[in-house]
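Participant: Sequence:
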Amino acid sequence: MSIDEATRHQLALLARRPRARRTEFSAARPARWQPQQVLDPAGGLDVPFTEAGAWELIASRLEDGNAVDVVELRKPPGATGYVMKIDLGSGAPLVYVKLELRSGRVLGRSFHYSDHA
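Counting along the sequence shown from 1, when you hit position 47 you're at 47 in the numbering used here, and nothing is skipped either side.
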């Protein structure tokens with residue numbers, strides 16, 4: 001299922017606000033948030049994304065209409081996740097992004113090169 005425009009707007013808005021975005025790992029909410037392992041094509045040769053740069057990319061791509069799939073998360077069961085696969089161009093692998101809305105914040109659950117075809 002695809003994302004509705006109101007949720008897309010909310011995710012982008014929260015992703016731009018440092019106090020409204022969070023990344024955390026727990027057994028209940030596992031995460032694979034690794035911007036430092038993804039090369040930023042805007043940063044020059046062999047420069048990885050920063051934490052802020054990853055969130056900026058996410059917000060920009062949400063605003064630009066990048067496809068977002070709505071998925072049911074396994075952990076926690078029944079929670080809703082939002083998945084994007086971002087093409088950075090220049091032959092780089094897709095970047096897999098998974099977000100979750102929770103208590104007026106956006107949680108970064110995944111940011112890494114895609115393992116998925």
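Treat the hints with care, since some could be wrong.
For lysine to aspartate or glutamate, the following DMTMM-like pairs were computed, each having C-alpha atoms within a straight-line distance of at most 20 angstroms [said to hold, decoys possible]: (1) Lys75 <-> Glu100; (2) Lys98 <-> Glu5; (3) Lys75 <-> Glu56; (4) Lys85 <-> Glu72; (5) Lys85 <-> Asp40; (6) Lys75 <-> Glu5; (7) Lys98 <-> Glu63; (8) Lys98 <-> Glu24; (9) Lys85 <-> Asp115; (10) Lys75 <-> Asp115; (11) Lys98 <-> Glu72; (12) Lys85 <-> Asp4; (13) Lys98 <-> Asp40; (14) Lys85 <-> Glu51; (15) Lys75 <-> Glu51; (16) Lys85 <-> Asp64; (17) Lys98 <-> Asp4; (18) Lys75 <-> Asp87; (19) Lys75 <-> Asp40; (20) Lys85 <-> Glu63; (21) Lys85 <-> Glu56; (22) Lys98 <-> Asp64; (23) Lys98 <-> Glu56; (24) Lys75 <-> Asp64; (25) Lys75 <-> Glu63; (26) Lys98 <-> Asp46.
Everything labelled a hint here was simulated from the structure, so no lab data went into it. It should be emphasised that the depicted structure is a prediction, and the values quoted were computed from it without experimental measurement.
Participant: Please go over all the hints and tell whether each is borne out by the structure.
Facilitator: Hints versus structure:
no.: 1; hint: Lys75 <-> Glu100; in the structure: holds (11 angstroms)
no.: 2; hint: Lys98 <-> Glu5; in the structure: holds (17 angstroms)
no.: 3; hint: Lys75 <-> Glu56; in the structure: violated (26 angstroms)
no.: 4; hint: Lys85 <-> Glu72; in the structure: holds (17 angstroms)
no.: 5; hint: Lys85 <-> Asp40; in the structure: holds (15 angstroms)
no.: 6; hint: Lys75 <-> Glu5; in the structure: violated (25 angstroms)
no.: 7; hint: Lys98 <-> Glu63; in the structure: holds (16 angstroms)
no.: 8; hint: Lys98 <-> Glu24; in the structure: holds (13 angstroms)
no.: 9; hint: Lys85 <-> Asp115; in the structure: holds (11 angstroms)
no.: 10; hint: Lys75 <-> Asp115; in the structure: holds (19 angstroms)
no.: 11; hint: Lys98 <-> Glu72; in the structure: holds (11 angstroms)
no.: 12; hint: Lys85 <-> Asp4; in the structure: holds (17 angstroms)
no.: 13; hint: Lys98 <-> Asp40; in the structure: holds (18 angstroms)
no.: 14; hint: Lys85 <-> Glu51; in the structure: holds (18 angstroms)
no.: 15; hint: Lys75 <-> Glu51; in the structure: violated (23 angstroms)
no.: 16; hint: Lys85 <-> Asp64; in the structure: holds (13 angstroms)
no.: 17; hint: Lys98 <-> Asp4; in the structure: holds (16 angstroms)
no.: 18; hint: Lys75 <-> Asp87; in the structure: violated (26 angstroms)
no.: 19; hint: Lys75 <-> Asp40; in the structure: violated (29 angstroms)
no.: 20; hint: Lys85 <-> Glu63; in the structure: holds (14 angstroms)
no.: 21; hint: Lys85 <-> Glu56; in the structure: holds (15 angstroms)
no.: 22; hint: Lys98 <-> Asp64; in the structure: holds (17 angstroms)
no.: 23; hint: Lys98 <-> Glu56; in the structure: holds (15 angstroms)
no.: 24; hint: Lys75 <-> Asp64; in the structure: violated (29 angstroms)
no.: 25; hint: Lys75 <-> Glu63; in the structure: violated (27 angstroms)
no.: 26; hint: Lys98 <-> Asp46; in the structure: violated (24 angstroms)
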